[in-house]
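Number of protein chains: 2
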Amino acid sequence: MENKFAFGKKIIKEAGKFILSRMFAPVTVETKSRFDDLVTSLDKETQDLLVSRILDVYPEDKILAEESQTNASITDDRVWVIDPIDGTTNFIVQKSDFVVMLSYFEKGVGKFGLIYDVVNDQLFSGGPDFRAQLNGNPLETYESRPLNETLIISNAGMFARNSHGVADLAAQTLGSRTYGSAGLSMSRVMSGKAILYTSCVYPWDYAAAAVIGQTLGYEVLTLSGEQPDYQTRQEIMFFPTEEKSIIQTYIH
Amino acid sequence: MENKFAFGKKIIKEAGKFILSRMFAPVTVETKSRFDDLVTSLDKETQDLLVSRILDVYPEDKILAEESQTNASITDDRVWVIDPIDGTTNFIVQKSDFVVMLSYFEKGVGKFGLIYDVVNDQLFSGGPDFRAQLNGNPLETYESRPLNETLIISNAGMFARNSHGVADLAAQTLGSRTYGSAGLSMSRVMSGKAILYTSCVYPWDYAAAAVIGQTLGYEVLTLSGEQPDYQTRQEIMFFPTEEKSIIQTYIH
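Chains as they are written, first to last, in this note's numbering: chain A, 1 to 252; chain B, 1 to 252.
Please keep in mind that the hints were generated in silico from the structure rather than gathered at the bench.
Just so you know, these numbers come straight off a predicted model, no measurement behind them.
Take these hints with a grain of salt, some might be off.
In this list, chains with the same sequence are indistinguishable; a pair is considered to hold if it fits within one copy or across any two.
Once the Cα atoms are required to be at most 20 Å apart in a straight line, the calculated SDA-like pairs of lysine to any residue come out as [unchecked claim]: (1) LYS4 with PHE24; (2) LYS95 with ASP121; (3) LYS193 with VAL39; (4) LYS10 with ILE246; (5) LYS9 with HIS252; (6) LYS17 with ARG78.
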């Protein structure tokens, strides 16, 4: 597994370089489900690059990826979960605040996760057999703090609608932030910069953080308190397990 | 004025170094108007540092500053507007996403503004006689784009309440972000990363961006479309003048 982890780190950095080299060139933007659900030609090219690198070295492995037509199931034997550009809208409009995410699962068990903030060259990595790190420096496990000394990070619409009590929880904290990238947001949670992230997202948006985070005391649940299904788009939260009961006082 | 502008840049960098040197030491946090309106001992010390540097060199000048008991009026002859730490909550919880802001006015006319993102060492500067720059590189004047290719940055509560139509405008764009620092947010607008910033803020929160922004085609108005008063806390927006009529279709 150590080789595979090193390989993952190598190709995610390569994907980052690829994005940087093309970031200011014209990209084709297409809409997916609605006008504000976007994908660029670079999302697809970056995914193709990662998939081809993986299948070159591990031809038997399977892929669960954002821009795929057909996808493996998370319970398959050896599955790479890929989000080539998480925060595509930020990528298009801001040229910052986006990440590449990669994680690896065997029969539903996460082995390692990688979140790469390309513009800031920050790589979050970890898994059950690898200490969670940011650019090689160990991340600290969660240390409990009262809600009123923290922030939450939320999808703007879910905060506005008080979906499942998100705004009720936010009102107990110092406020809510919205960054537009699941990976970036969950990295901030794992860095102690916010107590919770919530949004309505797909497996490739939370898989890497779920794997890295569990070694630091964090977990992903749906807002109803269930395990995420690693298949459909769901309203999820990423938070420290130690605060589960107080968080579920507000979010249920 | 060139000397004063250079002096302003020198002391804002000094303030940044001062904050960095004390950032991870214990700070005293006090609440102001309510539990989530915070000030730290470092806000006050940083303001004291800036005020003492200014009055050493320009003993006749006046001060309009966040942590002051008494303040000059913006229409006074020579006024420095100071926000020692804008984004105090981010500073406390995240140790990032905060800025120092400094601007200089004569009889209500802005002469230069400075916004310093301390952690990322990014200094936005400019004024009517100084080309707007980021770390010495010229910033581009606003280039028109359709709303549906942009983002807005909003205070989370104002978006949630659809205050003055903020959410109606957001619905025409690719979405809303919330960063928790006025200066950081307005810097993003001036960098073309969002079309509008809106929040409920004080003069020291918008003065610097107003002065830098006007040379790039941006302005500050209240959400009712009036000039801000540079005295009280008001709901304001910072946006490109060229898009005023389309923005005011939604925000009024």
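Here's how the hints hold up against the structure:
1. Proximity of LYS4 to PHE24 under the C-alpha cut-off of 20 Å is found in neither arrangement, the shortest distances being 32 Å within a copy and 37 Å between copies.
2. In the homo-oligomer, the alpha carbons of LYS95 and ASP121 lie at most 20 Å apart both inside one protomer (14 Å) and across protomers (18 Å), since each shortest distance falls under that limit.
3. Proximity of LYS193 and VAL39 under a CA criterion of 20 Å is satisfied inter-copy only: 18 Å between copies versus 29 Å inside one chain copy.
4. Taking the shortest Cα distances, LYS10 and ILE246 never come within 20 Å of each other, neither inside one copy (39 Å) nor across copies (47 Å).
5. Taking CA atoms no more than 20 Å apart as the test, LYS9 paired with HIS252 passes in neither setting, with 36 Å inside one copy and 50 Å between copies.
6. Taking the shortest Cα distances, LYS17 and ARG78 never come within 20 Å of each other, neither inside one copy (26 Å) nor across copies (49 Å).
Hints 1, 4, 5 and 6 from the earlier list are contradicted by this structure; the remaining hints agree with it.
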